[in-house]
Amino acid sequence: MGAATETFYSVIRRQGITRRSFHKFCSLTATSLGLGSLAASRIANALENKPRVPVIWMHGLECTCCSESFIRSAHPLVKDAVLSMISLDYDETIMAAAGHQAEAILEETRAKYKGQYVLAVEGNPPLNDDGMFCIDGGKPFVEKLRAMAEDSMTIVAWGTCASWGCVQAAKPNPTQALPIDKVITNKPIIKVPGCPPIAEVMTGVVTFIITFGKLPELDRHGRPKMFYSQRIHDKCYRRPHFDAGQFVEEWDDESARKGYCLYKMGCKGPATYNACSTVRWNGGVSFPIQSGHGCIGCSEEGFWDKGSFYDRLTTIKQFGIEKNADQIGMAAAGVVGAAVAAHAAVTAAKQLTCKRDGAAQER
Amino acid sequence: MQDKSRHLLTPAVAADAARADRTVKRDVVYVYEAPVRLWHWINAAVILVLGLTGYFVASVPPTMTGEASDNFLFGYMRFAHFSAGYVLTVGFLLRIYWAFMGNTHARQIFYVPLWRKSFWAEVLNQIRWYAFLEVKPKNHAGHNPLARLAMFFMFTPTISFMIVTGFALYAQGAGNDSWQYKLFGWVFSIWPNSQDVHTWHHLGLWVIATFALVHIYAAIREDIMSRQSIVSSMISGEREFRD
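Taken in sequence, the protein lines are chains A and B.
Residue 29 in the numbering used here sits at position 29 of the first sequence; the count goes up by one each step and never skips.
Take the position in the second sequence, starting the count at 1, then add 363; the result is the number in the numbering used here.
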């Protein structure tokens with residue numbers, strides 16, 4: 001595992017990075033986290049003096065898209081994050097060790113860094129049939145997760161799988177896959193949802209934790225406020241078209257070519273908390289809406305079960321039928337309206353016959 | 364007020380004798396006080412605005428053409444919706460205040476004496492009246508018991524639900540540090556994905572629309588068919604017994 005008390009700075013210097021570049025990195029990171037100029041020196045100070053934080057990165061039911069995203073981080077470069085900033089002691093997909101040797105690292109870290117290591121979880125554990133739907137190193141993943149969570153300092157729930165459940169937890173969820181916070185309830189958990197989360201958001205969160213030795217400020221769902229406190233819609237560059245009432249109505253219409261708002265095409269931007277419209281993807285190149293497709297809300301809870309990605313009014317399943325609010329509402333109002341009309345007709349008919357009777361009697 | 368109205372009702376029956384004379388002085392009870400009437404009509408107007416703009420925000424009208432800077436359709440619609448929402452909320456709060464300050468009728472939409480046997484007897488009677496099984500309806504100074512049930516179970520909770528979910532959705536735009544989020548952010552603990560809140564809020568529109576349909580029909584019908592004034596009572600405040 002290497003020298004346990006090595007600081008980030010010594011690792012960085014050993015790799016031939018100049019002190020000047022090191023400070024550049026610190027100020028860039030402070031900027032990307034939206035921190036003040038003073039924070040750059042605090043980051044530098046922390047990296048020079050604090051030992052590298054051991055990170056155990058585990059994979060449950062998932063597709064590794066979080067890892068794929070993570071390794072594409074540009075600010076900071078993932079190379080810096082993995083090789084210099086953290087001590088990534090265990091990660092099935094990118095570690096050199098294998099077999100018993102790899103599994104031994106887990107026990108070693110648990111014993112040596114009790115209460116000091118960060119447990120990063122990608123994917124989630126299925127609980128059905130005693131967790132038999134995800135076997136990892138000969139044991140159900142859920143057991144491994146519980147064991148490693150026990151002695152961790154904090155847990156990072158990478159992606160929508162670990163945060164909300166994602167596709168494996170979508171209805172009817174045959175394996176009973178559960179997000180991490182439903183399985184581990186006694187540890188601080190930071191959710192970094194997204195399918196996958198943005199690379200810079202991931203490395204930004206890692207940088208914050210190792211710099212300040214604590215979790216960033218979280219919102220009510222446990223997401224870091226700095227990346228998840230605004231919706232895609234709030235910072236969308238197509239927002240002026242929304243306010244103007246200019247919408248794409250077909251994928252190949254004039255409005256689509258003009259880059260109008262995708263609200264009518266079912267864009268979930270107004271209901272999705274993420275940083276895509278500010279940080280963007282692939283080093284700030286683009287994001288789904290910029291590429292002409294609505295947001296599908298991949299960082300939101302149960303986004304697979306909220307009806308079509310292409311409807312503004314999504315369907316409601318609670319009534320046993322797949323209809324949207326307008327269809328249900330109009331049907332209800334229609335039935336009541338018909339009943340009212342019928343009742344009015346009967347009332348009128350009755351009134352007429354009564355009058356005729358009354359007139360007959362008077363005669 | 365209740366006692367007084369009963370007192371006034373008794374001679375109403377005696378007034379049958381004077382029926383032939385149309386100029387006879389009719390019995391009148393003061394039911395809806397000015398704040399209740401004012402609230403009722405303002406409420407009706409803002410619900411109309413909220414319903415229309417709300418419907419079109421979700422079920423979007425055809426796209427606008429031209430420069431984005433020349434159009435502000437959704438901006439205006441949302442502005443109308445939000446301002447009407449504030450008026451509705453302030454009105455509803457004042458209405459709750461008036462439930463404490465006003466007469467007994469001002470409290471009718473906030474509680475129903477479900478525990479009272481006589482109430483259920485009157486409900487049954489009212490249902491029979493609407494089912495054409497009663498020849499003559501009973502007189503009621505305030506809401507008839509069936510109307511009261513509808514108010515209590517359909518109107519009051521739906522309006523409260525719409526105010527709460529409406530402000531929660533508004534908080535999304537206002538930001539997580541806004542007072543709206545501090546007060547109503549708990550809605551997102553129930554529905555973490557706000558798309559659900561959008562959907563339920565929109566469904567609430569249809570509950571209100573259905574309620575309005577029945578409410579307006581029943582008010583007009585009873586104005587014609589029953590033995591008391593209904594529609595004009597919400598203007599003058601006075602309930603007139605026409606026996």
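If you're looking for bench data, these hints aren't it; they were derived computationally from the structure.
Being a predicted model, the structure only gives us computed values, none of them experimental.
All C-beta atoms in this analysis are idealised placements derived from N, C-alpha and C, irrespective of residue type, glycine included.
There could be a bad hint or two in this list.
As the list claims (entries may be wrong) - To give a feel for the contact side, a few chain A residues facing chain B, derived at Cβ under 8 Å:
hint, residue
1, A46
2, Q246
3, E250
4, V285
5, S286
6, G302
7, A345
Stated by the list, open to error - Stretches of chain B that chain A covers, calculated by requiring three or more beta carbons in the stretch to come under 8 Å of a beta carbon on chain A:
hint, stretch
8, 515-529
9, 533-544
So which of those numbered hints doesn't the model satisfy? 1, 3, 4, 5, 7, 8
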